[in-house]
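K.L.:
Below are the chains, spelled out letter by letter.
Number of protein chains: 2
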Amino acid sequence: MNDFLELSSDAQDLLFRQARTANSFTDEPVTDEQVAAIQDLVKFGPTAMNSQPLRIVLVRSDDARARLLKHMADGNRDKTAAAPLVAILAADTDFNEHLPTVFPHAEGAKDWFPDPVAREATARLNAGLQIGYFIMGVRAAGLAAGPMTGFDAEGIDEDLLAGTGYKTMVVVNIGHPGENAWFDRLPRLEHEQVVTAL
Amino acid sequence: MNDFLELSSDAQDLLFRQARTANSFTDEPVTDEQVAAIQDLVKFGPTAMNSQPLRIVLVRSDDARARLLKHMADGNRDKTAAAPLVAILAADTDFNEHLPTVFPHAEGAKDWFPDPVAREATARLNAGLQIGYFIMGVRAAGLAAGPMTGFDAEGIDEDLLAGTGYKTMVVVNIGHPGENAWFDRLPRLEHEQVVTAL
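Keeping their order, the protein sequence lines are chains G and F.
Here the first sequence is numbered in full-length UniProt numbering, starting from 1 and rising by one per residue.
Here the second sequence is numbered in full-length UniProt numbering, starting from 1 and rising by one per residue.
Careful: at least some of the hints might be erroneous.
Claimed, not checked - Simulated crosslink set (SDA-like; lysine to any residue; CA at most 20 Å straight-line):
1. F/LYS43 with G/GLU192
2. F/LYS43 with G/SER8
3. F/LYS43 with G/ALA197
4. F/LYS43 with F/VAL102
5. G/LYS79 with G/TRP182
6. G/LYS167 with G/ALA121
7. F/LYS167 with G/THR196
8. F/LYS167 with F/HIS98
9. F/LYS167 with G/VAL117
10. F/LYS43 with G/LEU5
11. G/LYS110 with F/MET148
12. F/LYS167 with G/GLU120
13. F/LYS110 with G/GLN193
14. G/LYS110 with F/GLY75
15. G/LYS43 with F/ARG17
16. G/LYS70 with F/LEU198
17. F/LYS43 with G/THR196
18. G/LYS43 with F/GLN12
19. G/LYS43 with F/VAL194
20. F/LYS167 with G/ALA121
21. G/LYS43 with F/HIS191
Unchecked claim - Okay, the calculated beta carbon distance ranges per label pair:
22. F/GLY155 with G/PHE183: 40 to 46 Å
23. G/ALA162 with F/VAL117: 21 to 27 Å
24. F/ASP32 with G/LYS70: 47 to 53 Å
These are computed hints drawn from the structure, not numbers from a lab.
Every residue gets a Cβ at the ideal spot worked out from N, C-alpha and C, and that includes glycine.
Model the full structure from these sequences, guided by the hints.
P.N.:
If you want it as structure tokens, here you go:
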């Protein structure tokens, strides 16, 4: 199958084939410079109207980490407590405020989202794509990601993201994989279960 | 910044830095073998509970293409008519039916999603991440993607996806970029607008 891919085998392994979701990490820190390098790469991933609604909130202080842990599902709490870096990946429902800068040729685009429900759906859809890019970016930096969706999202939004229009979608642990960092690879769906034709 | 990335500069360019959303394509076809190679790579991207809710519906027949075009926004219709391959990227709201196979250790997980609203939200979140992976996969194959969200999603679901639990999220044109395939790169948000710390 690889004959059809231009991406090098090493890069395929780094991003997809060998990369794994990590459940434990070494103590080695993840620096702001590493996060900036990741973001400086993945910022180029496409979004509708170049809207870029993903916001990355790094949980750096002990206080913020303790508050976050209260909202995590039981099965995710210990690994979130121990990870070198934890980031809240959220959709900014006020993304449209930036359209005059990021989509300048569409005059008035800022006002095309008067319905808050539709605006949030647009924010979540495009931030979802960007979370996909971000996870690839973490792996591109030679780090392992441990993305999680088991948490009380409203609790995080009200406690840690109060005063913003951010809606938490994924919480991700980031670091160098520790001992027994992952389980066996789980099965993927068959091609015919995913790809069909009309 | 690149000093912090393990991914080769060539791969960074192919996937992010040089890659662009294409609005026109050459006539060169995109084969089922190419799509299979892309899917065989991106299927390894992580999803919650290994749920893999993304479904890729290739619009291969003239009849299906004509029906799809009726649901596209005016600004997306001509390029969707002309692209070598068009794919509907949809979230399968019945993804939980596959959990006994793809998440076998969690007995009864199939029945953890009785609320259709919550089930659809889970499907959309994880399929969104997978759309991000898929766009990277198209680029990994040396092809250009033209993802679009300007269409009548309910119209597509009812007309082309009737009888499935699929919900259309993105329609993507795929091919080799044609003449004047893209506009100038639009500005990205500043780092401080995206990444903050608590």
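K.L.:
Could you tell me which of the numbered hints above are not met by this structure, giving the numbers in increasing order?
P.N.:
As far as the earlier hints go, not one is violated by this structure.
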